[in-house]
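A.B. asks: Sequence:
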Amino acid sequence: MREIVDGLLAWRAAGTSFAVATVVHTWRSAPRQPGAAMAVSEHGEVIGSVSGGCVEGAVHAAALEVLHTGKPQSHTYGVSDGDALSVGLTCGGTIEIMIQPSAGLPLLDSVLSDISAGSPVATVSLPDAQLVVRPDRIEGTLGDDELDRIAGEQARGLLAHGRSAIVTACEQEVFVQSWAAPARMIVFGAIDFAAAVSRIGKFLGYRVTVCDARGVFATAARFPEADEVVVDWPHRYLESTDVDERTVLCVLTHDPKFDVPLLQVALRTPARYIGAMGSRRTCEDRAGRLREAGVGEEALARLRAPIGLDLGARTPEETAVAIAAEIVASSWGGSGSPLTGLTAPIHGPA
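Counted from 1, the sequence shown has number 158 at position 158 by the UniProt record's numbering; the numbering is strictly sequential.
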């Protein structure tokens, strides 16, 4: 729901009622993951998506009915049975959707505020009840104290990893949707390629930091899309900042005096993706310097260098697309191969 928060806040400010449809469960090649959301206003306006277009029309009609009756609904949509125009997922998957009216979500304003501010928050939902879980407190109720306690603890666990899922508590299935703080992308090297990478990083939903030791190049004016621009030696900054299993590190300096000490630190972190720019010769020379500095083969195997997929990229923008493509592929286990020549499901298990 993060992508529709601004629209929902605008509707709330205008006093507009709406219904929120949320994907709570998927099977096989479903186009959107649990947590994907679409909202329909009392005027019929739509923001967001739950299926990339397959069942939006049916969900729109159901959402208007929910707004009219004030009662939540749950629907399951699956593969079309021969009729291309029937309600179903032509991509071959099945999704379960829960539709709730805004009037039935008394804590919605505080949840939207937290999501907008990047504060960690999770919701535990039944069609007609909701629990709001934060690291330090729980609000609302699912109608039973023991259910609240057990579901709340499970939600805290999922929130710590930024995951959404259906869980079982007190022999009852509930949907937990979590919004952890956005994952970080740290881009090292204040060059034109870094500007393009920071733009696509923001587009993908990362909190982007650009870092360079040269203050004349590392300026907010040159990187307006970045959330922060840091002037510091890259390795020193990386040692002092938070890096977790969702963090992406893009090393674009391709200068040994920056790269080697930086990558020594980077390869000791739990970062999900570490990529470094450079020609084949540069990457081979850098790997040799890292070995001389004591970096082992297992650690070196984590390094994506040259950074990015082979797209034939030339411009900074094309190179940023190649880097983003590798980050996405590594996140979801994609092969990076053209879908045309593959027979496996397009949307594999998360």
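Mixed in with the good hints there might be a few duds.
Restraint ranges, calculated between C-beta atoms of paired labels, are given here [stated by the list, open to error]:
#	residue 1	residue 2	range
1	L339	E146	42 to 50 Å
2	E173	D232	46 to 54 Å
3	G336	R314	52 to 60 Å
4	E173	D136	41 to 49 Å
5	A103	G312	51 to 59 Å
6	D145	E173	16 to 24 Å
7	E298	K71	28 to 36 Å
8	F203	L339	49 to 57 Å
9	E173	P270	48 to 56 Å
10	R281	G205	32 to 40 Å
11	S240	S113	48 to 56 Å
12	F203	E146	42 to 50 Å
13	P256	R149	52 to 60 Å
14	G15	G205	50 to 58 Å
If you're looking for bench data, these hints aren't it; they were derived computationally from the structure. Note that the structure is predicted; figures quoted are calculated from it, not measured. All residues carry an ideal CB built from backbone N, CA and C; glycine is no exception.
A.B. asks: Hint by hint, note whether the structure agrees.
C.D. replies: We went through each hint and held it up to the structure:
1. L339 <-> E146: 42 to 50 Å: Because 47 Å falls inside the window, the suggested range holds.
2. E173 <-> D232: 46 to 54 Å: holds (48 Å)
3. G336 <-> R314: 52 to 60 Å: 19 Å Cβ-Cβ, so the 52 to 60 Å window is violated.
4. E173 <-> D136: 41 to 49 Å: violated (26 Å)
5. A103 <-> G312: 51 to 59 Å: holds (53 Å)
6. D145 <-> E173: 16 to 24 Å: With a Cβ separation near 18 Å, D145 and E173 satisfy 16 to 24 Å, so the hint holds.
7. E298 <-> K71: 28 to 36 Å: violated (56 Å)
8. F203 <-> L339: 49 to 57 Å: 21 Å Cβ-Cβ, so the 49 to 57 Å window is violated.
9. E173 <-> P270: 48 to 56 Å: violated (32 Å)
10. R281 <-> G205: 32 to 40 Å: For G205 against R281, whose Cβ atoms are near 35 Å apart, the range 32 to 40 Å holds.
11. S240 <-> S113: 48 to 56 Å: Since the Cβ atoms of S240 and S113 sit about 30 Å apart, the hinted range of 48 to 56 Å is violated.
12. F203 <-> E146: 42 to 50 Å: Roughly 43 Å apart at Cβ, these two residues keep to the hinted range, so it holds.
13. P256 <-> R149: 52 to 60 Å: holds (55 Å)
14. G15 <-> G205: 50 to 58 Å: Cβ of G15 to Cβ of G205: about 29 Å, so the range 50 to 58 Å is violated.
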